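Below are the chains, spelled out letter by letter.
2 protein chains.
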Amino acid sequence: MGARAIIAGDGALPGLLAAAGPALIVRLEGMPGGTDGADIVARLERLGALFSDLQGAGVTEVCFAGAMRRVAVEAEALDAVTRDLLPRLTKAMGQGDDALLRDIVAIFEGQGFTIRGAHELRPDLVAPEGAIAGIPRPEGDAARARGVLAALGPLDVGQAAVAAGGQMLGIETLQGTDAMLRFVGRTAPGSGGVLVKRAKPGQDLRVDMPVIGPDTVLLAADAGLSGIEVQAGHVLLVDPDAVCASCAARGLALWAVP
Amino acid sequence: MGARAIIAGDGALPGLLAAAGPALIVRLEGMPGGTDGADIVARLERLGALFSDLQGAGVTEVCFAGAMRRVAVEAEALDAVTRDLLPRLTKAMGQGDDALLRDIVAIFEGQGFTIRGAHELRPDLVAPEGAIAGIPRPEGDAARARGVLAALGPLDVGQAAVAAGGQMLGIETLQGTDAMLRFVGRTAPGSGGVLVKRAKPGQDLRVDMPVIGPDTVLLAADAGLSGIEVQAGHVLLVDPDAVCASCAARGLALWAVP
Numbered sequence: 001m002g003a004r005a006i007i008a009g010d011g012a013l014p015g016l017l018a019a020a021g022p023a024l025i026v027r028l029e030g031m032p033g034g035t036d037g038a039d040i041v042a043r044l045e046r047l048g049a050l051f052s053d054l055q056g057a058g059v060t061e062v063c064f065a066g067a068m069r070r071v072a073v074e075a076e077a078l079d080a081v082t083r084d085l086l087p088r089l090t091k092a093m094g095q096g097d098d099a100l101l102r103d104i105v106a107i108f109e110g111q112g113f114t115i116r117g118a119h120e121l122r123p124d125l126v127a128p129e130g131a132i133a134g135i136p137r138p139e140g141d142a143a144r145a146r147g148v149l150a151a152l153g154p155l156d157v158g159q160a161a162v163a164a165g166g167q168m169l170g171i172e173t174l175q176g177t178d179a180m181l182r183f184v185g186r187t188a189p190g191s192g193g194v195l196v197k198r199a200k201p202g203q204d205l206r207v208d209m210p211v212i213g214p215d216t217v218l219l220a221a222d223a224g225l226s227g228i229e230v231q232a233g234h235v236l237l238v239d240p241d242a243v244c245a246s247c248a249a250r251g252l253a254l255w256a257v258p
Numbered sequence: 001m002g003a004r005a006i007i008a009g010d011g012a013l014p015g016l017l018a019a020a021g022p023a024l025i026v027r028l029e030g031m032p033g034g035t036d037g038a039d040i041v042a043r044l045e046r047l048g049a050l051f052s053d054l055q056g057a058g059v060t061e062v063c064f065a066g067a068m069r070r071v072a073v074e075a076e077a078l079d080a081v082t083r084d085l086l087p088r089l090t091k092a093m094g095q096g097d098d099a100l101l102r103d104i105v106a107i108f109e110g111q112g113f114t115i116r117g118a119h120e121l122r123p124d125l126v127a128p129e130g131a132i133a134g135i136p137r138p139e140g141d142a143a144r145a146r147g148v149l150a151a152l153g154p155l156d157v158g159q160a161a162v163a164a165g166g167q168m169l170g171i172e173t174l175q176g177t178d179a180m181l182r183f184v185g186r187t188a189p190g191s192g193g194v195l196v197k198r199a200k201p202g203q204d205l206r207v208d209m210p211v212i213g214p215d216t217v218l219l220a221a222d223a224g225l226s227g228i229e230v231q232a233g234h235v236l237l238v239d240p241d242a243v244c245a246s247c248a249a250r251g252l253a254l255w256a257v258p
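Note that the protein sequences, when read in sequence, are chains A and B. So in UniProt numbering, spot 139 of the first sequence is number 139, and the numbers just go up one at a time. So in UniProt numbering, spot 106 of the second sequence is number 106, and the numbers just go up one at a time.
Treat the hints with caution; some may be incorrect.
Unchecked claim - In silico DMTMM-like pairs for lysine to aspartate or glutamate, Cα to Cα no more than 25 Å straight-line:
#1 B/K91 with B/D178
#2 A/K91 with A/E74
#3 B/K91 with A/D36
#4 A/K91 with B/D204
#5 A/K91 with A/D204
To be verified - Derived CB-CB ranges, DEER-like:
#6 A/A49 with B/A249: 27 to 35 Å
#7 B/G140 with A/R88: 54 to 62 Å
#8 B/A3 with A/G166: 34 to 42 Å
#9 A/V71 with B/G34: 28 to 36 Å
#10 A/D10 with B/T90: 29 to 37 Å
No lab work stands behind these hints: they were computed from the structure. Every value quoted in this text rests on a predicted model; they were computed, and no experiment measured them. All C-beta atoms in this analysis are idealised placements derived from N, C-alpha and C, irrespective of residue type, glycine included.
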């Protein structure tokens, strides 16, 4: 078996995956999380150089982990491999995040790398079905938010939504779950509602698994929510002990359903 | 023909409708817009008294106009008519705004009143198809937002949404269009995106027609948007001259499609 590389974005997840076994840490310039402590510092414009570095180091397994964001590409810095890939990447970019990530996975697979999901390296972080912290809230609001996410998923929109008293208070857009929770707290404080977070049907869990961390719990509590429902087997808890401690400290329930 | 009553909420619309012909102005205690200048001040808890007052004044036509909100009902203040209606109103309330308004319409119709829509009294306020101010923006972002609204409409969610560069930046929830626009401005400034506002498929235009006013235009401009698309024939401009003046002042385009 060859070596493993973790292409690391922001947050605690890259560190938790590195604990699963030896791995080279790759960080991309311009991405959140910075490049400190990286074994390889790469640039989006020089994917050819990254592939060579990885292959030279005997890497056969690649794992994407942590939050990334779209960054502008400098045309004059492109290497030949990236220049050739640019038309297909640009096209995928226009079709949404799911399409872009599917294409990036296909490009890495085309170079001979096996993509390993965070949930494969750390199955202990995956939300198990049932009550995780506190007592699950009555079904109404969670079902309402789930219905909205089910309607939006085919459009590659909406990993998360908030409902309270049968009404929708927040639907996640590009700005992410945290921004939505701050909006709910500012505009509908003290609602006692429920946050639901699930994978979109087209989401490739190997490279883009929804995540709940202790910060999510604190933001949900600050927004006046009473509970969080996640999709069992499809959402990572980063990390489970800290998430449960935050739930206990703030009186939030956390549970997972299929 | 009998007299007309306008059940008035907040904003400029009640005044614009009153200009369409003689009408009694009814205001409900506790609703936004206050009770100043009302011919009849009513309470939600005393619908029986309101029906008597209207019938005594020879009212046969009722028009709902302006923003209302859900208010808590004081149980001890209920008259017999409202007490009898409460179970069905409570049930409808749990099914969303569209269901609640449909039920209120049915109750007024059951009392012999004809419901007249704002668009019937002031057809000159209804958005006509085509360019209204400036030059319509290219189709992409408007189509993206329209797709999201089409998916959500059957769930009685989403009169408005914002897309930019193929990505969703805002989806309206209970807090309304203005709150969504402030969120977009705060979290994704300068996007150049497009606001789309349309009626939901189940929305009864006689009592709940989507509205764009000059304030909407200013908020959209502050949020860094470049245009607004509304549904022709299904959105009111309150009022058209002021809306167009705001568009011109802030360089926003406004157009309507079927």
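Consistency of the hints with the structure:
no. : hint                          : verdict
1   : B/K91 with B/D178             : violated, 28 Å
2   : A/K91 with A/E74              : holds, 17 Å
3   : B/K91 with A/D36              : violated, 57 Å
4   : A/K91 with B/D204             : violated, 40 Å
5   : A/K91 with A/D204             : holds, 18 Å
6   : A/A49 with B/A249: 27 to 35 Å : violated, 51 Å
7   : B/G140 with A/R88: 54 to 62 Å : violated, 19 Å
8   : B/A3 with A/G166: 34 to 42 Å  : holds, 37 Å
9   : A/V71 with B/G34: 28 to 36 Å  : violated, 51 Å
10  : A/D10 with B/T90: 29 to 37 Å  : violated, 46 Å
The structure shown violates the earlier hints numbered 1, 3, 4, 6, 7, 9, 10.
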